[in-house]
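Undergrad: Going down the list, the sequences are from chains A and B. For the first sequence, our numbering gives the first residue as 78, with consecutive numbering after it. For the second sequence, our numbering gives the first residue as 78, with consecutive numbering after it.
Careful: at least some of the hints might be erroneous.
Because identical chains share one entry, a pair is satisfied inside a single copy or across any pair of copies.
[What the hints assert, rightly or not] List time: in silico DMTMM-like cross-link candidates among lysine to aspartate or glutamate, alpha-carbon distance up to 25 Å:
# : residue 1 : residue 2
1 : 209       : 428
2 : 184       : 100
3 : 275       : 415
4 : 209       : 115
5 : 172       : 95
Quick caveat, the hints were computed from the structure, so don't treat them as lab data. Everything numeric in this text was worked out from a predicted model, so none of it was measured.
Okay, here's what each chain looks like letter by letter:
There are 2 protein chains.
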Amino acid sequence: MSGLSGFPEFLPADRNVELIVLDHLREVFELHGFASIETRAAEPMDTLLRKGEIDKEVYVLRRLQAGEGDSDSGLALHFDLTVPFARYVLENAGKLDFPFRRYQIQKVWRGERPQNGRYREFTQADIDIVAKDELAFHFDVEIAQVMAEALSGLPVPALTLQVSNRKILEGFYLGLGIAEPTTVMPIVDKLDKVPADKIAALLQSDAGLTAEQAKQCLALAEIRSSDGSFVDAVRALGVEHPLLDEGLDELLQVVTGASGADGVEVVADLRIARGLDYYTGTVFETRMEGHEQLGSICSGGRYDQLASDGKNTYPGVGISLGVSRLLVPLVAGGLTADRSVPSAVLVALTDEESRPASLAVAAALRARGIPTEIAASPQKFGKQIRYAERRGIPYVWFPANGDDGDRVRDIRTGDQVDADPATWNPPAEDLKPRIKEQVT
Amino acid sequence: MSGLSGFPEFLPADRNVELIVLDHLREVFELHGFASIETRAAEPMDTLLRKGEIDKEVYVLRRLQAGEGDSDSGLALHFDLTVPFARYVLENAGKLDFPFRRYQIQKVWRGERPQNGRYREFTQADIDIVAKDELAFHFDVEIAQVMAEALSGLPVPALTLQVSNRKILEGFYLGLGIAEPTTVMPIVDKLDKVPADKIAALLQSDAGLTAEQAKQCLALAEIRSSDGSFVDAVRALGVEHPLLDEGLDELLQVVTGASGADGVEVVADLRIARGLDYYTGTVFETRMEGHEQLGSICSGGRYDQLASDGKNTYPGVGISLGVSRLLVPLVAGGLTADRSVPSAVLVALTDEESRPASLAVAAALRARGIPTEIAASPQKFGKQIRYAERRGIPYVWFPANGDDGDRVRDIRTGDQVDADPATWNPPAEDLKPRIKEQVT
Numbered sequence: 078m079s080g081l082s083g084f085p086e087f088l089p090a091d092r093n094v095e096l097i098v099l100d101h102l103r104e105v106f107e108l109h110g111f112a113s114i115e116t117r118a119a120e121p122m123d124t125l126l127r128k129g130e131i132d133k134e135v136y137v138l139r140r141l142q143a144g145e146g147d148s149d150s151g152l153a154l155h156f157d158l159t160v161p162f163a164r165y166v167l168e169n170a171g172k173l174d175f176p177f178r179r180y181q182i183q184k185v186w187r188g189e190r191p192q193n194g195r196y197r198e199f200t201q202a203d204i205d206i207v208a209k210d211e212l213a214f215h216f217d218v219e220i221a222q223v224m225a226e227a228l229s230g231l232p233v234p235a236l237t238l239q240v241s242n243r244k245i246l247e248g249f250y251l252g253l254g255i256a257e258p259t260t261v262m263p264i265v266d267k268l269d270k271v272p273a274d275k276i277a278a279l280l281q282s283d284a285g286l287t288a289e290q291a292k293q294c295l296a297l298a299e300i301r302s303s304d305g306s307f308v309d310a311v312r313a314l315g316v317e318h319p320l321l322d323e324g325l326d327e328l329l330q331v332v333t334g335a336s337g338a339d340g341v342e343v344v345a346d347l348r349i350a351r352g353l354d355y356y357t358g359t360v361f362e363t364r365m366e367g368h369e370q371l372g373s374i375c376s377g378g379r380y381d382q383l384a385s386d387g388k389n390t391y392p393g394v395g396i397s398l399g400v401s402r403l404l405v406p407l408v409a410g411g412l413t414a415d416r417s418v419p420s421a422v423l424v425a426l427t428d429e430e431s432r433p434a435s436l437a438v439a440a441a442l443r444a445r446g447i448p449t450e451i452a453a454s455p456q457k458f459g460k461q462i463r464y465a466e467r468r469g470i471p472y473v474w475f476p477a478n479g480d481d482g483d484r485v486r487d488i489r490t491g492d493q494v495d496a497d498p499a500t501w502n503p504p505a506e507d508l509k510p511r512i513k514e515q516v517t
Numbered sequence: 078m079s080g081l082s083g084f085p086e087f088l089p090a091d092r093n094v095e096l097i098v099l100d101h102l103r104e105v106f107e108l109h110g111f112a113s114i115e116t117r118a119a120e121p122m123d124t125l126l127r128k129g130e131i132d133k134e135v136y137v138l139r140r141l142q143a144g145e146g147d148s149d150s151g152l153a154l155h156f157d158l159t160v161p162f163a164r165y166v167l168e169n170a171g172k173l174d175f176p177f178r179r180y181q182i183q184k185v186w187r188g189e190r191p192q193n194g195r196y197r198e199f200t201q202a203d204i205d206i207v208a209k210d211e212l213a214f215h216f217d218v219e220i221a222q223v224m225a226e227a228l229s230g231l232p233v234p235a236l237t238l239q240v241s242n243r244k245i246l247e248g249f250y251l252g253l254g255i256a257e258p259t260t261v262m263p264i265v266d267k268l269d270k271v272p273a274d275k276i277a278a279l280l281q282s283d284a285g286l287t288a289e290q291a292k293q294c295l296a297l298a299e300i301r302s303s304d305g306s307f308v309d310a311v312r313a314l315g316v317e318h319p320l321l322d323e324g325l326d327e328l329l330q331v332v333t334g335a336s337g338a339d340g341v342e343v344v345a346d347l348r349i350a351r352g353l354d355y356y357t358g359t360v361f362e363t364r365m366e367g368h369e370q371l372g373s374i375c376s377g378g379r380y381d382q383l384a385s386d387g388k389n390t391y392p393g394v395g396i397s398l399g400v401s402r403l404l405v406p407l408v409a410g411g412l413t414a415d416r417s418v419p420s421a422v423l424v425a426l427t428d429e430e431s432r433p434a435s436l437a438v439a440a441a442l443r444a445r446g447i448p449t450e451i452a453a454s455p456q457k458f459g460k461q462i463r464y465a466e467r468r469g470i471p472y473v474w475f476p477a478n479g480d481d482g483d484r485v486r487d488i489r490t491g492d493q494v495d496a497d498p499a500t501w502n503p504p505a506e507d508l509k510p511r512i513k514e515q516v517t
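Next comes chain A alone, as it looks inside the complex (with noise of 0.2 Å):
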C-alpha cells in the first residue's frame, strides 16, 4: 500500500488479486452481452455539478502553464461513473443502438482532505442498461441477476445483496394518507443510526404524521425476506394502493430473479432507502459479512431520467461497484495471490553461453501459451530455485545439458521429470496467478 493517504497502490502479488478480481467481472459482463466503454476522466465542470451543486468534492484541473489571466481549465476528474455515462449516452445517442448494455470499470476521484483517510483514487465497475424514451422493467431483473453472478465468483466474503423498491414506499405512504410521502423518507433513512422510537417521534414532529402512522412506517421498514414472503409481510400490514402494489410486484420478479447464485444472498429489505429522491423503482445495496463498516460496496438502481436532452429521455437501470472499497480493505488483512508475476516457469541458465538454449525452451514454451521468464543469471541452481521461489513461479526448468535431458521440478514438491519444451503443460491450475489466501 503506498505512502500517499487516499491513492491505494497495490505490490505485484496484490495486484494479481485485483486482475482476477476485474478479469472475472469483465468475464461475466461480456457473457451477458454488456459492451465496455471508457469514457475521459475529465469533464467540464457544469456536466459534473448540476443544478447549482457546489458541495461536491471533485478535483479541478488547472493547467500549469496557464497564463496569470488564464482562469481554470473549466475541467475536473468524473467522480463517479454515473455522469460522465450519462453524458457519453446523449453525446452519441444518434450511434449507439437502444437498450444499450454498457460495463465500464475505471478509477474515479474524490478531492477529499487528505487528512480524513477517504479514497481519492478509486476504481468502481458499473453496468447500466439504458433505453430511449421507454425501459422494460425486466431489465431491472438483469441488472440484479448479472451483478449477483458477477459478484458470485469473487474471493470475498459472504455477500447480502439488499433490494428495495421506492414505489413500495410511495405507494404505501400514500395508502396511509401520507400527503408527501418524500418528507418520510428521508427520517426513516436514518434507522441505521438513530433509535426507532426516536425515528417515530421524528415522523410526528417534522413530517406531521399521526402516531399510528409512524408505527406503520417503522413497520414496513423492518420487514426482510430472502423469499417471496415480504409480500404477505407488507399486506399483514393493511395498507393498499395501486403503487404499492406494482411495488411488491416489481420487487418479487427482482428478488426471484436474481437470486441462486453462489455466496450471494439477495434480500429484499424494506430499510433500504438509497437516495430514493434520485431513484424511480428498484435499489440496491450490497454489504459484506464482517465488513459491515465499509456501508454499502455495490448499489444502485432504477432513474427513469438517467439523461434528458430536452427533447428524448433515456431511462437506465445500472449497479455500481466499489472495486476499491471492496478490495483493499482485503487486501490489508491478508488477500493475496500465489505469485508477484505472471510466470508459471523460470528457464534456469547454466551458464551465459547456453543463453541462447534457454531461450529456445521459453520461447517453446510461450507458444503454447506458459508465461515463461529466463533466470537473470547462471548462478548456482540452488540460488535460481530461490528466486523463483521469491517470486511464487512454480516450476524450475532446466534444460538439456551433456548427457541429461531437459527437466522441469515444481518447486513446491521437489517433483522432478523429464519433460520435453514442446510438448510439456503445467496443470491448468498452475497457468495463471490464482488467489493464495482467502480472507472470511
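We have chain A; now place chain B onto it with these hints.
TA: Frame of chain A; chain B shown alone:
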C-alpha cells in the same frame, strides 16, 4: 470520437478494437513474465518536476472544496508512466524482487491548451526492466524482442523499430577528437528538419568542429541497416574508440535478437538520437508506414539511473507504446470491429410469456462461454434479426416453439440449423469481436 478536443473517446465497436489491442499487449507481456502494476494518477508536483523544471505541460489538481487560504493540493496528474514507475520502485524497493519486469497500461495526461489539438488524455503501454545497482545488457535485447513481438500482432500498418546506441555516437565523436560530444548530438538530432549542409555548417559554427569532423558526423548519421552490415559501414569511416566498439556490439545484439517478428522491421538507424542526454545506451523509436507524421509511436531506451535514493541506484531499460497515438488516427480512418457488443448470439423472444425459455437458452450458452443476449421485446422475428444485425451479432437463436425445435441462424449467410443449447458452439473466430477493417 468525442466532442472535447484532446480527450478521445471511442464508440463501442471502436472500443472493441482497443480491447483487442490491449488484450494482445497484455498477453505478450505476461507470456514474457512481466508483472502488471498500476500507479496512482496523481503525483506530488516535486516528483513530476525534477531539477526545477517548470515548463512541463501538466494538470495541477485543486480541491473544489479547498478553503480560501488553502493552496493547490500539491498534486498533479502524471504525464508519463516512467516517472511514477521510478517513484514506485524507490517507495517499494524493499518489497520488490529485482530484476523487476513490469508492464503498465494506463492513461496519462498533458495540460495542453485545448486549441492546439494535441491529446490531453491518452493511453500508454510501457514495459521496463529495472535492477538494483546493475542491469545486465541482455535485458536491452529482451525489451526490444518483447515489444517487437507485441507490436507484431497489432492490426496496424507495417512498423519499423529503429534502434541506436548512445555509446556509438559518443565513442565515434570522441574517436574523432571532439572533446564535448554532448554539443554535437542536439545539432545532429535536427537532421529530420534541417538540410545536411546546414547541419554541417552549424556543427562548425556552434560546436567548433572542423569541416572533416562535421562530414564524418553526418556520414555516421546516414548509416542504417536491418542486418549487421551497419557495423562494417561504421568501421569503413575509420574512426576508433573503445566506447564505439562497445556500442556497435550492443546494437548488433539488439538488432539480431529482436528481428523476425511479422510486420515489424528492426533496423539499426544511427540518426536516432532520442534525448541522448537522458538515455545511456540503447535507444528506440518506431515509425508506422503511411503515418510518418505521427512521429515515433513507441520509444524508449536504457537509462542507467532510472531511480536513485542516494544509497542505491536502479538502472532500467524500457519502451513505451503510445496506444492512443497509434489507434485514434487509425480508428478515425476506418479501423473498427465487426460488432458493437460482445454478444455472439441473440436469443429471440417468441412472446413475453416465453421469456423464461429464452433465458434458459441464454444461460445454457453462457455456461459454455458463449456471450449471449436476449431480444429486448417480442417483436416480429424479422425485426429481431435486424436488432442483431445492427449490433453485428452473428447468430440469432430461435427457441423451441410448438413442433419446432431449437434452431440457430447465421444471419450473415441465412444458414439455419437445428441446435441444442447444451452442445452448440459457434466457430471459434465468431466467439469474440474481431477487427473488421484493416487499415493500411
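Undergrad: At 25 Å max between alpha carbons, let me know whether residue 275 reaches residue 415 within a copy, between copies, both or neither.
TA: neither (51 Å within a copy, 60 Å between copies)
Undergrad: As a check of your reading, is residue 184 near residue 100 (CA-CA no more than 25 Å) within one copy, between copies, both or neither?
TA: Cα proximity of residue 184 and residue 100: in one copy and across copies (16 Å, 19 Å).
Undergrad: Please sort residue 172 with residue 95 into within, between, both or neither, judging by C-alpha distance up to 25 Å.
TA: between (33 Å within a copy, 18 Å between copies)
Undergrad: Are the CA atoms of residue 209 and residue 428 at most 25 Å apart within a copy, between copies, both, or neither?
TA: between (67 Å within a copy, 21 Å between copies)
Undergrad: Taking 25 Å as the upper bound on the Cα-Cα distance, should residue 209 and residue 115 be classified as within, between, both, or neither?
TA: Within. Shortest intra-copy distance 21 Å satisfies the 25 Å Cα cut-off; inter-copy 37 Å does not.
Comparing the model with each earlier hint shows a violation of hint 3 alone; every other hint is respected.
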